[in-house]
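Dock chain B against the given chain A, drawing on the hints supplied.
Number of protein chains: 2
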Amino acid sequence: MTSLHDRKRVCLVGSGNWACAIARIIGVNTAAHSTVFEPVINMWVFEELINGRKLTQIINEEHENVKYLPGYKLPSNIVAVADLKEAAAQADVLIFCLPHQFLGKLLPDIKQVINENAFAVSLIKGIDFNDKGIVLVSDIIREGVGIDCSVLMGANVANEVAAGDFCESTLGTNNLHHGDILQQLFHDPTFHVNIALDPHGVELCGALKNVVALGAGFCDGLGYGGNTKAAIIRLGLIEMKKFCYRFFDGIKEDTFFESCGVADLITTCFGGRNRKCAELFVKDKGVSWETLEATVLNGQKLQGTLTAKEVFHIIQNTNAVQEFPLFTAIYRIAFLGADPRTISQL
Amino acid sequence: MTSLHDRKRVCLVGSGNWACAIARIIGVNTAAHSTVFEPVINMWVFEELINGRKLTQIINEEHENVKYLPGYKLPSNIVAVADLKEAAAQADVLIFCLPHQFLGKLLPDIKQVINENAFAVSLIKGIDFNDKGIVLVSDIIREGVGIDCSVLMGANVANEVAAGDFCESTLGTNNLHHGDILQQLFHDPTFHVNIALDPHGVELCGALKNVVALGAGFCDGLGYGGNTKAAIIRLGLIEMKKFCYRFFDGIKEDTFFESCGVADLITTCFGGRNRKCAELFVKDKGVSWETLEATVLNGQKLQGTLTAKEVFHIIQNTNAVQEFPLFTAIYRIAFLGADPRTISQL
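Protein sequences appear in the order of chains A and B.
If you're matching positions, the first sequence starts at 1 in UniProt numbering and goes up one per residue.
If you're matching positions, the second sequence starts at 1 in UniProt numbering and goes up one per residue.
Think of the hints as simulated: they come from the structure by calculation, not from any bench.
Heads up, some of the hints might be wrong.
Chain copies aren't distinguished; within one or between two, either way the pair holds.
Here are the simulated DSS-like pairs of lysine-lysine, each with C-alpha atoms no more than 25 Å apart in a straight line [unchecked claim]:
#, residue 1, residue 2
1, LYS105, LYS85
2, LYS242, LYS252
3, LYS67, LYS105
4, LYS241, LYS252
Looking at chain A on its own, in the form it has when it is part of the complex (with noise of 0.2 Å):
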């Protein structure tokens, strides 16, 4: 019999408009399987003000974070907290779901906090860098808390998963004890969970795909037809693996079929940020990503050019250069001022 004790306590770590879109999906779950969790899921909101009123406030009695998801209303056992150790008291599942640079100064609160046994999922897309090269933001958390981290990331633009439509995602992860609770607690008829033992392989699909996109949207901005943009997804696609392969253990090749491979490179190379600048910073000749940050994304900082100089640098520092021709292409479009058509002179 499981007791009310073995049910597990789920903390969601961030309120922006992906984690209010999944809180959707979770508080729904909790709810319904409530032998394995306690329903109320505490979810840690940065603070601010909306109009005088509290951010937490506002959804606590109206249920719907009316700043970064409006119009869609959270299950009224999504409990808004602005203390982190208050949020993530006794936590058994730690859902990590904000801006990756937070993570640094909420992982010790956490840690000191949570319950034995506790383990960690982050959806946060996106790559770190250090002096020695990559950081996977999973480490991070797997470091800075001393927890396992599955991570979970496909083709899940939020405002349609918080409408509902139909979409998949994968769930990476090295414990499969792990892995079947947080596919229970995922996974709904429109939101389709599959697992891949794989953690590094489809945490770095959600990375390198950002720099794909650059190569596609840079196809758009010269006006390349569907021969061509297809032609540098899939070359993407190959350079993705091959650098993965390359830089990390453990990858398996299955990874990339699933949603967090082909189909978010897909939808990022078809809609998205990344793309979309690629291609002005092509028909805008001259324009800098700067330029393009502060006025298509509102200052927000575009992934995929970060990622592409990273990546870049160390394929350069292992003398890989000729093994990734379109990754090192695009770099080179993108900071050296070289033609954008050499995207298709490899």
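What follows is chain B alone, placed relative to chain A:
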């Protein structure tokens, strides 16, 4: 030393849009590799009159197929020949590029006149069916002429290839020696040819992608967003793989990462006539496929619907419906009046 007698004589069987686009490449390549190939290529043309003038005469005098690829010159070493036996006489390499319905009538004549050790390559996308199930077009050629047959498939919209836009193509073969010669014949700086030692997989991709394109078109007709469409394309790729593995031997997973796989699938699901007609099928409720073929395609037949029907019969006859939920849903929507929204209720 290579004597003139060792030079391969190439015959292009077909002169439509795709045949003429590829003629622009192979004409340059046979002239450039004149130790390997006899530069002159006979192109068999189904004779017809254009404003009172023979099409063969127009092609040979103006070096342009004004009916099927207007606006693009053919190299002068491409010689149009109306008599099939004359065109194929002493050929060493046969390129088949025409609707497969013609093959039955042509192959016996070809068999009589070609050189010993001749081999073929099929550029024909699509599959045929008899009462036993799927019949590969390359098998019709293999059996009809009694020679080895490779295939060339990929994200290759003919007019974009004719324009010299960069793209890739996959040469599926079981014979590396033939593959090497064919790669020299087709590869050029803007038309990259990769060899895959999996001719069946390459050929099946070219047919099955049209079924997935119907699913993508249903999504577009329903106004679904990027998440859902990417999920349908991904599930389609997975069922393409599963179908190949289940019903054919020697299929290789890498094939699905080649241009014939993921790249052609992407182009077909974002452009292409199957996608377009499927979108209209949903939007114009009650319209028949025959009407769409008549109005949208000028009477040409849709490959996707024919293939969807035959593929479903094979799935059904082998009790495999459960394993192919997407192909099954597409068939039911297309032919049994199922609600198009079932495309995402898998």
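Hints and how they fare:
1. Taking the closest pair of Cα atoms, LYS105 and LYS85 come within 25 Å of each other only inside a single copy of the chain (12 Å); across copies the shortest separation is 79 Å, beyond that limit.
2. Within a single copy, LYS242 and LYS252 get their C-alpha atoms as close as 11 Å, and across copies as close as 18 Å, so both meet the 25 Å cut-off.
3. Proximity of LYS67 and LYS105 under a CA criterion of 25 Å is satisfied intra-copy only: 23 Å inside one chain copy versus 68 Å between copies.
4. For the identical chains of this complex, LYS241 and LYS252 are neighbours both inside a copy (9 Å) and across copies (17 Å), given an alpha-carbon limit of 25 Å.
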